[in-house]
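K.L.:
One letter stands for each residue in the lines below.
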Amino acid sequence: MDIKNLLTESKARFNHNSAKAYLAEKFKSKLILAEHGGLWKADAETISLLNSFTSANLVIIDTFNNPVKVDRQQLLEKLQQIYETTMEQWYAEWQLLESKR
Amino acid sequence: MTRGAILFAFNTEKFNYYEMAEYAAKRINHFLKLPVTIVTDEDSYPKDTEYVWDKVIKITPDKNNTRVWGTWINKGRWQAFEFTPYDETLLLDVDYIVNSSNLLKIFDFYDDFCCHNTIDFLMQPNAEQEKISHYGYNSLWATVVAFKKTNKVKNIFNCMKMVQNNYEFYMNLHSFNTGIYRNDYALTIALSIINGHLTDNRDFIPWNLLHIGNNTQIYKSNKNELDSEFTVTFDNWQRGKIRKEYITINDLDFHVMDKELYVGIIENEK
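Listed in order, the protein sequences are those of chains S and D.
Start counting the first sequence at 6; every next residue gets the next number (this note's numbering).
Start counting the second sequence at 628; every next residue gets the next number (this note's numbering).
Here chain S stands alone, though its shape is the one from the complex:
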């Protein structure tokens, strides 16, 4: 059976909350980056922390809870790049989802 017919015949409703949760699940894994011998999440907290210092090198805790010495600017740029790309994709899919309301 064609999937559209199946959804129509079973009177299935689009579940917004589940779709939102699925997007979060999908894009959170895309925000993860291995760099400088550590594992990082390109999230607001890590980016803000890197941005708030001025020193060339910085020791920060990675997602494995290990202290890692990083080239602050280099890691910041990588994380910002991943954050921007991923969040743009997330936003685009979110907009599509909103249009189904």
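Rather than coming from a laboratory, the hints here were simulated on the basis of the structure.
Small disclaimer: the values here were computed from a predicted structure and weren't measured.
Wrong hints could be hidden among the right ones.
Claimed, not checked - Capping the alpha-carbon separation at 20 Å, the derived lysine to aspartate or glutamate pairs in EDC-like fashion look like this:
hint : chain 1 : residue 1 : chain 2 : residue 2
1    : S       : 9         : D       : 862
2    : S       : 25        : D       : 747
3    : D       : 847       : S       : 14
4    : S       : 25        : D       : 878
5    : S       : 25        : D       : 856
6    : D       : 868       : S       : 14
7    : S       : 74        : D       : 735
8    : D       : 732       : S       : 48
9    : S       : 9         : D       : 852
10   : S       : 25        : D       : 735
11   : D       : 871       : S       : 89
12   : S       : 46        : D       : 755
13   : S       : 33        : D       : 747
14   : S       : 33        : D       : 735
15   : S       : 35        : D       : 735
16   : S       : 9         : D       : 735
17   : D       : 732       : S       : 89
18   : S       : 74        : D       : 738
19   : D       : 732       : S       : 14
Claimed, not checked - Pairwise CB distance ranges (calculated):
hint : chain 1 : residue 1 : chain 2 : residue 2 : range
20   : S       : 19        : D       : 878       : 16 to 26 Å
21   : D       : 878       : S       : 70        : 22 to 32 Å
22   : S       : 79        : D       : 761       : 43 to 53 Å
23   : S       : 29        : D       : 891       : 22 to 32 Å
24   : D       : 868       : S       : 100       : 26 to 36 Å
25   : D       : 893       : S       : 70        : 53 to 63 Å
26   : S       : 59        : D       : 849       : 45 to 55 Å
27   : S       : 103       : D       : 822       : 37 to 47 Å
Beta carbons are placed, not taken as given, at the ideal position from N, Cα and C, and that holds for glycine.
Since chain S is already given, all that's left is putting chain D on it; use the hints.
P.N.:
Just chain D, lined up with the frame of chain S:
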């Protein structure tokens, strides 16, 4: 440094696991661009298959494991270490549908071994993490395992073999009684033993293993074999009635627990 995936597939009286493996392998080739080796047996391997495996390894499987629906040939997974022709290997269950390139990230960050320690269910939020018993360890998942050929990993797989061979003892020790052998539990116990009963986060994949669970169905949105869009429906019971709900997903890997559903996906594309 060679990389590839390895799948174990043995047909049973009810399910054609070889067919599932071929479906999984095509998606691994497409989304991960990795070669795939299959470990199977003479009875399961079809003579007329057109799919070209990187390597076919035929063994005599241990068929001594029974579920409600019949024989479940899942023992011997520990042999992956010995059988893999690759320096770095992804050991996947055949019912894990690769639908993105996400798994390639593992090669960037893992030391020499990693698997999932957390799960989620599509359309069923806040799923509880499975424990091997009420007061036991949180279960790890053997559905996706990445490993290198190091001494530590050799010990993990040897330990899995030891747990498999003495499963009743470990069932009593950890107070679980599944009645059937599960690779997930053998891996949980083995990794714990190898790590000195401590947890090392570096052994875990830092995102959830996504299951398609109870009351949930999944269908390919169209018939294109390698397309990444699926429609997931969920039977939401409310006041004694089912309210059918759905979402569409893409670019996301998932584990189909119900083999009938998996067969349905494959059949629908024929």
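K.L.:
Name the hints, by number, that the structure is in violation of.
P.N.:
The structure conflicts with hints 10, 11, 12, 16, 19, 25, although it agrees with all the remaining ones.
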